[in-house]
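Participant: Residue-level listing of the chains:
There are 2 protein chains.
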Amino acid sequence: MPPRRMKFWGWGFEGEGATPEERTAVHKTAATKFGATTFDDTPPRAEDYTLRAPRVAVPQALAGFCSSERLDRLVHAYGKSFIDSVRIFERRVPNPPDVVAYPGGEQDVVDLLDWAASNDVAVIPFGGGSSVVGGVEPVVGDAFKGVVSVNLQRLDKVLEVDKASRAARIQAGVLGPQLEAQLRPHGVTLRHFPQSFEYSTLGGWIATRSGGHFATLYTHIDDFVEQVRMVTPRGVWESFRLPGSGAGPSPDRLAIGSEGALGVITEAWMRLQDRPRFRAGTSVGFRTFEDAWGAVRAISQAGLYPANVRLLDRVEAHTTGAGDGTADVMVLAFESADHDVGPWMARALECVRDHGGTPDMDQLEATGGHREGASGAWRNAFIRMPFFREILTPLGVLFDTFETAITWDRFGDFHANVMAALHDVMRRECGPGAIASCRFTHVYPDGPAPYFSFYGKGRPGGMVDQWQAIKHACSDVLNRLGGTITHHHAVGRDHMPWYEKQRPDLFAAALQGAKDAIDPSGVMNPGVLLPPKRQTASGAATAVR
Amino acid sequence: MPPRRMKFWGWGFEGEGATPEERTAVHKTAATKFGATTFDDTPPRAEDYTLRAPRVAVPQALAGFCSSERLDRLVHAYGKSFIDSVRIFERRVPNPPDVVAYPGGEQDVVDLLDWAASNDVAVIPFGGGSSVVGGVEPVVGDAFKGVVSVNLQRLDKVLEVDKASRAARIQAGVLGPQLEAQLRPHGVTLRHFPQSFEYSTLGGWIATRSGGHFATLYTHIDDFVEQVRMVTPRGVWESFRLPGSGAGPSPDRLAIGSEGALGVITEAWMRLQDRPRFRAGTSVGFRTFEDAWGAVRAISQAGLYPANVRLLDRVEAHTTGAGDGTADVMVLAFESADHDVGPWMARALECVRDHGGTPDMDQLEATGGHREGASGAWRNAFIRMPFFREILTPLGVLFDTFETAITWDRFGDFHANVMAALHDVMRRECGPGAIASCRFTHVYPDGPAPYFSFYGKGRPGGMVDQWQAIKHACSDVLNRLGGTITHHHAVGRDHMPWYEKQRPDLFAAALQGAKDAIDPSGVMNPGVLLPPKRQTASGAATAVR
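Residue numbers (UniProt numbering), protein chains in the order written: chain A, 1 to 545; chain B, 1 to 545.
Everything labelled a hint here was simulated from the structure, so no lab data went into it. No false leads were slipped in.
Each pair may be met inside one copy or between any two copies, as identical chains are not told apart.
Derived lysine-lysine pairs resembling DSS-like cross-links, with alpha carbons at most 30 Å apart: (1) Lys157 with Lys501; (2) Lys501 with Lys471; (3) Lys501 with Lys163; (4) Lys28 with Lys471; (5) Lys33 with Lys471.
The whole structure should be built from the sequences, with the hints applied where relevant.
Facilitator: In C-alpha cells form, the structure reads like this:
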C-alpha cells in the first residue's frame, strides 16, 4: 500500500485540499449568495463512523493483498459525488465493502474473482474512486454474502512503449500523473485529461468511457484504446492489438463502458500522441447565447478540430471568473505537435466573427494563450472545483452538475427546457437565489455535449432528498427530450432508471445475455448497467431480466 | 421489384460490364502473363442451372412480397467473391435460398422474422449482395428447414434530412448512388465511398463495418452512425439519436458489424458532411517501399488528416497504370467544404520530401489533381476492377485480394512475411508468373491497413481448391503475426476459422449470449460470427458453443 492515502471524505489525497485563499473566497461567496455561515472546519475522522462488521473474510491464499481495516473500508464506501459528500459529512456509511483487495498483479485478480464467484461475493472494481454516479458504491442488492472492492492501485506501470506506432501497454491502475510521468521520457503523451485526471485511472477511464479535456476529435478514451485485457469470472479476455478492424462487432467496444459489470480491466494498449509544441488560444465574447452556439456549431462542422471550443454561458463565465457576466464566452484553442496552427485559428476566427463574436486578440498574441485571460481563469477553476465540495457541503450549499449530449437541430429548445426545469426545481427545493449555468464540454459536428452546473441553499439534514428531487426532475427532462443520461460521467447506480429507458430493451437483453455468459454468478458490480440478481423466496439467487 | 435487375453471375446490373476496350486490354494481359487463350463470351443464363426445389413456402400473408422464382434465387445464391464467380461459371449452385423476400416496409420484416423464427427457417439479410466473404451465401448448417434471403431494396428512401446537425434518417436498403442523389439537393453528402458504392447499401455498410474510400479520419461507417434501428426476432431495437454518449457500452457498436447475425438493420440516422469545395491532390514517387511507408506514417501522425494518403507498391502501381513499376507511389489528397487546404498539403509535402519522395507538382497545379495523373489512373482502375472478374474467371485467371491492419512497429516484418507467404503459395498453386502486390487502403496514426492483390494461372476445374490453399496460407500468416483477418470486408463465412482465433474466446461467449437473448431460435444468418446451431442425434436443434 503506497505512502499517499486517499481522503475518504473528500477529493484527492490526505493533506490536499483548498488553499486558505480559496477557502476564504468560497466562504465569502457562500455567505453572500446563500447566507451560509456555519462551518465546522474539522475534517471527518475515521473513528466518527460506526461500520457494520465485515460479513465475509477472504481465504488465507488471498489475505496477503486484502484488508478489512476501517480506513480501507471507508475510502471504498463512496465515490466523490455530491450525495457521497453529504452522507460522509452526516457520518452515514451504511454500506462499506467488507473487504478491500489490493491485487499486486493479474493473477491476484483471477484468484480473487474465482473465490468471489464461487462464494456469492460481489466484486466492485475500483480505480481512483472518483465516480460521481455511484459506480463504486457497495450497494448490490440482497443476493450476496458480502462485497469486495478491488483497488487496482498497485497495477500502475507502463509496461511497453512502441514509439513507431505511438502506443503503449499500460496497467489499468495507473493514475493520470503517474502515467504521464512514465510516458514523458519517451516524448509521448496519452493526452487524455478528464477533470479527475490526478485521481482517476486508465482502467476507470476505459470502464466509464471517459471524455478528456479536449473538445473535439481525439479526446474520448474510446478512440485511444488499441487493445483491452480484462479479467472476468470465467477467465481473461484479450483482444488483438490493432490500429483498425472490421472483424465483427468490436470486442473492445463492449469492454469500453462496461463499468465493472463484465470484468476487471487489468491492462490496455493505448494510442498515444506526440507532445504538442505549437499552440494558439484565445477567448471570444458573444452578445447572445444563440450567436455563441452558432459559432461553435460552425467551427465544429468546418473540419478544423480545435483542441478546445468550449462555450461558457454568461453565468458559468461569471462564476468561474472567466467573464463579468455580460457575455457568453467561447474558449478556443488549437494544438499540434507537428505544425504551426495559425491557419487553423485564422479560419476559426472567421467563423467566430461571422457569428458576431469578439475574440480577445491580446490573449491570442500572448504565449499560446491557453493559460491566459478568460481561458486560463476557467481552466484553473475547472481543475480546483472538486476540492471546493468539501467546503461547500458542510456550509449547506447544494452543488452538483449533470451533462448530456443532443443534436444541433434540437439544442435550442432542449437547452431552454432543461434550464427551465432546472430553475423550477431549484426554486422549489432551494428557494430563491439558486444559480444554474451551462457550458459545452465536448462538441461534435452533429451536436454539443452541454454540461449543467447548479448551486442552491441546502436544508440541514435534507440535502440528499433535495438532490434526489433535482436529479429526478432534470433526468426526466433529458430523457424525455432525447438527450443521453450521461455523456462522460457513466451510468453507475445513480443513472440506472434513465439508462434503462434510454437503451434499447433488446440491447439490455443482449447485454444480460453477454454478462450471463462471462459472469454466470452475476458478481461483477451488481446493479450497474443491469439489475442485480435478487434473493428469491426460496433463498436461491436469480438474475432479474 | 424494380426495373433494373442484378446480374447473378457478375458485378452490377444486367447490361453493365467491361467496355470492349477494357475487355481487349484484359484479354491481352491475361494472354501475355498467363498464356490464357480460351474464352467463352456467352454470359451464363439462368436456365443453365439446376436448382433444388424450394424446401419451404411462406404463408399467404407474406407471399405478396416473396418470390421463389429461379432468377431471384440465383441472384441471392452467392455474393461477388472470386470463388462465387468460379462456382457460377462452373454452373454450380448447390445452396440457393428457398425464398427471396422483398419487404416493402419494416412491418414486413417483423412479420417475416416472426414466421422464420417460429418455423426454423434461416434468414439472410441481403443489401446489395456485394459480399466477397460469403456473408450472404445460404450455407447455414443442417438445423433449418429452409433459407429466406431478405433483400432490402425497396427500403431505399432518405426519410428526413436535418441540415442543422448535418444528419439524415435513411432506410437501410438504399444503394450508394440513390442515397447521394437524395442528399444532393440538400447540399450534403454521406461521403462514404467503398469500392462497391454503386452496388451496396447503407444497411450492408453498417452490418459489415464498411470502410469508405478515404484513407484517414471520417471514412468508416462506424463513425457516421448516429442511431440504428434493427429488427430482431424478438422485436425492434432502436437506440437514441445522439452525437455522443457515455451510457454503458454503445448499443450501436454491437449492431455495427453484426453481419445480420443479430437482426435486420432497417434504418439509421447517419452523420453527413457538406460537399467538398476545396481540393488539392497529387501523387508522389519513392525510391524504396520503406521510404514510402515512412512518409505515410509521418503524415498519418501529423494530425493533417488527408482525404487520401494511399500507398501503392510499384507492382500495384504498374498493374493499375498508376506507375511504370520503377517507383512506389503515394496518392495524396486533401479535401474540405470549408477552407483552402493549401497549408495542409504544404505540410504533407514537407513530410514527403523528408522521406525522399518526389511529388508530381504538375498534377498538383492541375484542377485539384485528384482525378489527374497517377491518382486518376489508379482511381479509375479501382472502380472498374470488379467488372473484370467476369472476364478473368472464364479465362482461367485466379484473381483475389485480402486486407488486414497492423501497427507500424510490426509492419516491416509483417509485410515481408505476408508477401513471402503469398509468393510461396502462389508459386505452388499457380506456377511461375504469379503477380502479388500491396497497397494501403486506410492509414491510422498507429498503423496501416495493407491490402494485398494477387493474380495467377488457374487450373481448369481446380480454381476453388487453389483459392482455398492460398486463402488458408495467407490467413494463417495474418493471424499468426497479429493482423486482423479482415479490415473492411467483414467476416462472413470465409473468414470464420481465423475470426474465431482472433477474437477473445470470452467475447465469443458474450456474443453468443447476446444472440441467444434476441435471436433465441438462432435463425439470423447462421454460421456468420457464431457457429450455426446444429441438428442433434435426437433431431432437436442446439446451438454450438
